[in-house]
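Peer 1: Since each chain comes alone in its own frame, lean on the hints to assemble the complex.
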Amino acid sequence: MYRSPRSFAAASGNAMLALLAEQGFEVIGPRRIDEAIVYAPLGTFDDLPIGVTDRQMPGRYSLHDSDRRSYFDAAVGPHSVKHHLHPSSSTVWDITRSDDGALSIEMHRPEPAPLAVIGVRPCDLVALEKQDRVLMGGPHINPVYAANRRRLFIVAVNCNHPSGTCFCTAMGNGPTAVRGFDILLTELPGDEGSEFVATAGTDAGGRLLESIDTDAATPEQLERAAELAAAAADEMRAEVDLLEAGTHLKEHLDSEMWAEIGERCLACANCTMSCPTCFCTDLIDTTSIASVSSRRTRVWDSCFTGSFSHMGPGPVRGSIGSRYRQWLVHKFSTWHDQFGESGCVGCGRCITWCPVGIDVRREVARISRSGT
Amino acid sequence: MHQRPTLAVWKFASCDGCQLTILNCETELLAIADRVDIRWFPEATSTMIPGPVDVSFVEGSVTTDHDVERIHEIRSQSGLLITIGACATGGGVQALRNGVDTGDVIKTVYADPHYISTLDTSTPIASHVPVDIELQGCPIDKGQLLETIAALLSGRPPRLPQSSVCLECKAAAQTCVMVAGATPCLGPLTMAGCGALCPVVGRGCYGCFGPMENPNPAPLVSRFEQLGMSHGQRTRFLRSVCDLAGQPSPTTGSAHE
Chain H
1 MYRSPRSFAA ASGNAMLALL AEQGFEVIGP RRIDEAIVYA PLGTFDDLPI GVTDRQMPGR
61 YSLHDSDRRS YFDAAVGPHS VKHHLHPSSS TVWDITRSDD GALSIEMHRP EPAPLAVIGV
121 RPCDLVALEK QDRVLMGGPH INPVYAANRR RLFIVAVNCN HPSGTCFCTA MGNGPTAVRG
181 FDILLTELPG DEGSEFVATA GTDAGGRLLE SIDTDAATPE QLERAAELAA AAADEMRAEV
241 DLLEAGTHLK EHLDSEMWAE IGERCLACAN CTMSCPTCFC TDLIDTTSIA SVSSRRTRVW
301 DSCFTGSFSH MGPGPVRGSI GSRYRQWLVH KFSTWHDQFG ESGCVGCGRC ITWCPVGIDV
361 RREVARISRS GT
Chain L
1 MHQRPTLAVW KFASCDGCQL TILNCETELL AIADRVDIRW FPEATSTMIP GPVDVSFVEG
61 SVTTDHDVER IHEIRSQSGL LITIGACATG GGVQALRNGV DTGDVIKTVY ADPHYISTLD
121 TSTPIASHVP VDIELQGCPI DKGQLLETIA ALLSGRPPRL PQSSVCLECK AAAQTCVMVA
181 GATPCLGPLT MAGCGALCPV VGRGCYGCFG PMENPNPAPL VSRFEQLGMS HGQRTRFLRS
241 VCDLAGQPSP TTGSAHE
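As they're listed, the protein sequences go chains H and L. Residue numbers for the first sequence follow our numbering, so the first one is 1 and each next one is one higher. Residue numbers for the second sequence follow our numbering, so the first one is 1 and each next one is one higher.
This is chain L alone, in the form it adopts within the complex (with noise of 0.2 Å):
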């Protein structure tokens, strides 16, 4: 990487909220102004200064076949491509709408649907074009963004987490609001991230960072059952921002096993 490298940040199907991140760094983003050359960020600037990146920031899901199409553009203009929270990375919560009819969707929402035009999905952005980094959240995680850049330009892998909320929480010492207190908490099945924002002010994970490396939905499905959940409560639960229903992905074999 040259010595100013040049970023950019896209948008796709979302709702800012992560760029506003990248904009709530404010000391920092003197810094970070110093060390990057800003090319494209129309969250931000003005200055639009078209072609190729040496890092493209992309917020956002896929839900049209203009974002098909802008998205292989992207990737074909850009060095490193690194996805920004839960819609980029997961389908965000407009995912909701995958496996129903869409035109039932539209319906409901729109008074004159005949202007939507629409992918039946809402899909992340690796679905597409290969991703290189993906930090998960919504919105992302200002201290994971700021680790991302300062890895970047030093020339090491940035340092993002893989494990569950969990282990944030119990380094926080707080008092699991799942055993102690009967709160449904979605923590053991999501990427930690946030510092357990959401179980330090005594309320359950809601799941927003998206699946950890390995998530294990049934025992902790079996558990919400227990705690007095509907059907429809657990399912509407793990599928909110973030899709957490879904099969553990493969695991990578090992000779251990």
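Isolated chain H, as found in the complex (with noise of 0.2 Å):
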């Protein structure tokens, strides 16, 4: 297996995409579908959005082209992988009543097919990691999340130009991947099409790097490949440690913050259903009209609903303002005392797919700093 980063061109990007293929694996990756850079189905490096890259504000997304040919020039899209191994509806069980009265269960255990995700950015591996230890760390694994954690290969892609809501390395991370990908790609525009400097992170992804065209890596590449890093840092320079931050708002639950933003926040959930951390899932029993047989699905749930914490008379938390809080204190202040990390990883989503763009980066910040 190569222990050191080799570099390819595109046209062993798409020799590495067909021996997926071959192996079994459904191949996603980043396309341009309609108004958005979403996971699709990709057969060739030709298939993503070449020379197309995003603007991305708060509560505003849009397409545009890019002077670079490059291949992976988009940042985040809307979903993340959580789609595809935290799916936002699954089957837990069916039982059947049958004449004699006799319960039969039927839990489902999936089995789920090889799904091979390219491009998948370094904010999203932490994610990744984040929901591993929520989902399957512990005594109780979500069977379904564990299946579909299993089958996946990971062709991570660090980033050269983050958008305007990104903040990875506020939280600490990006915009290079570290860790938790097969097979870790930078990529290097030029005039003559892109080169890729790839490094292997587990024996799958050596296995399928000796088996396509590359050369290793020249030192010239490598520190293309480091400058081209620095530079996305710097354009997401921010003023505020928001990691650090972050673990103060529990300090200030009785803010008059709270109420202000719940004035200006939808509780729509956007926020919590885009977030690739957020895990939350409700249990639902449904049976069928011949009161014979019932089935019991999960499906994502958001702390923004009033379902979410009804208790007895109702909601423990009523008003938008409370919910808000129990979103933010949690993902960036409790979740330390919970998991040992913040739940953030600064992708962005929760601030561009706000329909209302509210800034998680300024409400940190200006909460955090408050007096109360």
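These aren't lab readings, by the way, just hints derived from the structure by calculation. Any given hint could be a false lead.
[To be verified] Pair ranges (Cβ atoms, derived):
1. L:Gln233 <-> H:His140: 47 to 55 Å
2. H:Asp99 <-> L:Ile49: 29 to 37 Å
3. L:Thr45 <-> H:Arg150: 52 to 60 Å
[To be verified] Take a look, some chain H residues computed to stay more than 12 Å from chain L by CB distance:
4. Asp94
5. Glu210
6. Glu235
7. Glu239
8. Asp282
Remember, it's a predicted structure, so these values are computed and weren't measured experimentally. Note that the Cβ used here is the ideal one computed from N, Cα and C, for glycine as well.
Peer 2: Printed below as a string of structure tokens:
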């Protein structure tokens, strides 16, 4: 297995995708679908959004032609890998009652086909680690997540051009990946087309790199990759260390700012749905019209809904401000107490995809600095 | 509830679309007919048996004096009263006349206005009698209807959404039409249940399912203004099939406030 970085051109990238497909992987990667870059089936590198970049601001997302002919020029899109690992809906069991009253219980044990995801960004790799810890790190393992996780092959791509809502560095991550990938790529754009520096993170990744046409990466290529990473980090330079600031949110539970945010927040739950680490689910039991069978389904839930905290007479957290506080304090503060790290990776999705553009960077900074 | 609960379906001011949703249950209709005794459903059958029923489904809004009398009579004859659709739960599109001069509206619509006898307002059923379960939507969602019937037959509360269309939209991995396409969308204020029917085909939600549990219109209206909608456009957008412009309903007090 290759221990040192390799380099290759797009043709070898195509060979890599073809080999993955031959090995039975469903291969998905970033593609332009309508107005956004989303994960979709990927045949060759030509399917990637070549020369397309994104502009992201609070509550705004748009695609534009870039003067670069890069394959991976757009930052994270609306959806993370979460959709493929922790699906929005999955069947837990079916129960059927026979004529003699006996119950038969069928547990759903999914055996998903292998999935290769191309172009996973460093922030989303960190998010995967956090979801791993929650959903399969303890004694109670989410079987759907665990099965989906086992089948996953990841080709990650370092970020050269963060979007306007990216803040991974302020959360102590990125813009380059450290671990959690099978293969890690850095794209080196050039007039003759891009080259890629590739590093194997696992034996499987190393074997795949050995199976395609590559060269040893040159010192010049490695230097350029480092420069691109440094430039990307510079683009995101934040005034506030949000990783540290976030830990103080729990000291400001009585701040008047929560109610003020509650006036601006729609409680629509787009932030939690977009977040690559939000993991909460609800269990729904349904019965058939004939009342002889029932099904339990696990579905995504959100702390912005009333039913999420419904106990006895009603929701414990009735106001929108109290729900926002629950989300932000857990994500940035009490997640540390629960899991020993922050729940935020700085991908910026909750900022971009908030219909009214509430910016967690601003809210964390000002609440953590406030008097109460 | 005894072995075959009796059921009636009533119509007030409405288009019959929600009653048609019942008939659209098609394959499930036989199973339903097997479990319930349909006593009164003129849209479906000419067999009409008067008298008390276990469950009444009520479509439509209250728009006449006669409606007011009739809904009280139906309430007194019904075990459970379930309202179905935007008209019954919110007043419907005909509630556009609320707050304006009804005489003017009648003259605009009818050639011979003197034949028309109506109240000044179109109001939801719950404004007149206690309602046990409300199914929102224009028309209602077949899945929610079946869930409600199945729940009652199994003696459990139905599982109905309370939160915004955005949850269904994101669960369906749909790209937000407002953030990415600058298309005004009422999804953040609107009750889930339709499966984000409009956003998944690239258009904005127009709120036909009515308000979600705690709608907060002000910030979204500001966003519509930024998107270039005039005051008149915004008003019409928020008040079409359902009124989404109203103040959020008072939320439950709590220890964590």
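Peer 1: To test your reading of the hints: which numbers does this structure violate?
Peer 2: 8
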